[in-house]
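Full structure from sequences and hints, please.
The listed protein sequences derive, respectively, from chains A and B. Numbering-wise (this note's numbering), the first sequence opens with residue 1 and increments by one. Numbering-wise (this note's numbering), the second sequence opens with residue 1 and increments by one.
Watch out, some of these pointers could steer you wrong.
The calculated lysine-lysine pairs, modelled on DSS-like cross-linking and capped at a C-alpha distance of 25 Å, are [stated by the list, open to error]:
id, chain 1, residue 1, chain 2, residue 2
1, B, LYS169, A, LYS5
2, B, LYS165, A, LYS5
3, B, LYS158, A, LYS5
4, B, LYS14, B, LYS57
5, B, LYS14, A, LYS5
FYI, nobody ran anything at the bench for these hints, they're computed from the structure.
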Amino acid sequence: MSADKLDAWLEQTLAAQEPYLDDDGFTAGVMASLPAPVSRRQLWLANLSVGLVVALLVALVFPWGNLISVLTGLGDRAWLTLAAAVSGVFTTAVLAGGYWSYQRWS
Amino acid sequence: MELGDEVLIERAVKGRDRHAYSQLVLRYQSRLRQALRQQCGGDHALADDIAQDAFIKAYHALAGFKRQSAFFTWLYQIARNSLMSHYRRNIPTPDSELVEHSQAQLVSEGPALNGRDLDRAMVQLSAPQREALHLTYRLGYSNEEAAQLMQLPLGTIKSHVLRGKTKLKTILHDWQQEVCNERG
Numbered sequence: 001m002s003a004d005k006l007d008a009w010l011e012q013t014l015a016a017q018e019p020y021l022d023d024d025g026f027t028a029g030v031m032a033s034l035p036a037p038v039s040r041r042q043l044w045l046a047n048l049s050v051g052l053v054v055a056l057l058v059a060l061v062f063p064w065g066n067l068i069s070v071l072t073g074l075g076d077r078a079w080l081t082l083a084a085a086v087s088g089v090f091t092t093a094v095l096a097g098g099y100w101s102y103q104r105w106s
Numbered sequence: 001m002e003l004g005d006e007v008l009i010e011r012a013v014k015g016r017d018r019h020a021y022s023q024l025v026l027r028y029q030s031r032l033r034q035a036l037r038q039q040c041g042g043d044h045a046l047a048d049d050i051a052q053d054a055f056i057k058a059y060h061a062l063a064g065f066k067r068q069s070a071f072f073t074w075l076y077q078i079a080r081n082s083l084m085s086h087y088r089r090n091i092p093t094p095d096s097e098l099v100e101h102s103q104a105q106l107v108s109e110g111p112a113l114n115g116r117d118l119d120r121a122m123v124q125l126s127a128p129q130r131e132a133l134h135l136t137y138r139l140g141y142s143n144e145e146a147a148q149l150m151q152l153p154l155g156t157i158k159s160h161v162l163r164g165k166t167k168l169k170t171i172l173h174d175w176q177q178e179v180c181n182e183r184g
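Structure below.
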């Protein structure tokens with residue numbers, strides 16, 4: 001084969017379509033390795049569980065003993081700020097837990 | 001009617017439709033496995049493992065797929081990163097036996113070249129040369145796209161393509177000469 005012919009052959013063969021590889025169970029193998037789908041009920045229960053755990057943790061660290069004296073000593077504005085902060089932390093924790101479980105199990 | 005990638009991705013992400021994702025796997029499994037086989041120097045089992053791993057990673061990351069590129073381009077990048085990680089963990093040794101076997105097979109089969117001869121000659125190229133040739137010729141990517149996929153400068157890709165082709169020509173020419181000499 002001359003240099004020109006070899007060159008042309010190489011260009012043509014390099015660009016040729018590859019033969020289709022039979023799936024031969026490949027797709028089934030991939031699908032079997034994916035996490036099992038979770039029902040909406042299971043997801044809802046998981047979110048609820050995370051929410052309860054977070055609520056329990058907040059309840060454990062909250063200064064219940066000083067609550068009355070702290071609350072009566074607070075001015076209106078400070079009381080509102082505290083309430084907003086506590087609910088903000090709680091809401092963020094619940095949302096983060098829900099998002100995490102959604103990503104993990106969905 | 002065959003659904004487009006966009007629709008299948010949408011169904012897989014929003015509708016949690018596993019069947020839609022299985023259609024994507026079925027559609028691209030051959031192309032991805034072929035591309036990886038080229039880069040694994042003939043180790044088909046490794047190529048298939050990496051391809052499977054890439055499809056699984058792509059499934060988990062599908063919600064974050066920005067659609068700035070085609071699905072296969074994105075999938076290929078995932079597979080390529082997996083392969084690079086694999087090679088970083090297990091540094092490959094040059095498979096001289098495979099090369100010698102390829103040469104011996106070609107010599108025994110005569111001077112007429114065919115696609116399999118090209119595959120055997122490709123084994124002797126460096127991994128970046130093989131990948132650059134595969135991306136630009138077989139998969140039809142432009143040099144710019146190949147540069148992006150391989151995360152290399154454009155000039156380097158052009159150089160890999162040019163040097164790869166030159167090396168292939170030399171190898172194939174030498175093999176033919178050997179056959180002609182043996183036949184006297």
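How the hints compare with the structure:
no.	hint	verdict
1	B:LYS169 <-> A:LYS5	holds, 11 Å
2	B:LYS165 <-> A:LYS5	holds, 14 Å
3	B:LYS158 <-> A:LYS5	holds, 23 Å
4	B:LYS14 <-> B:LYS57	holds, 17 Å
5	B:LYS14 <-> A:LYS5	violated, 53 Å
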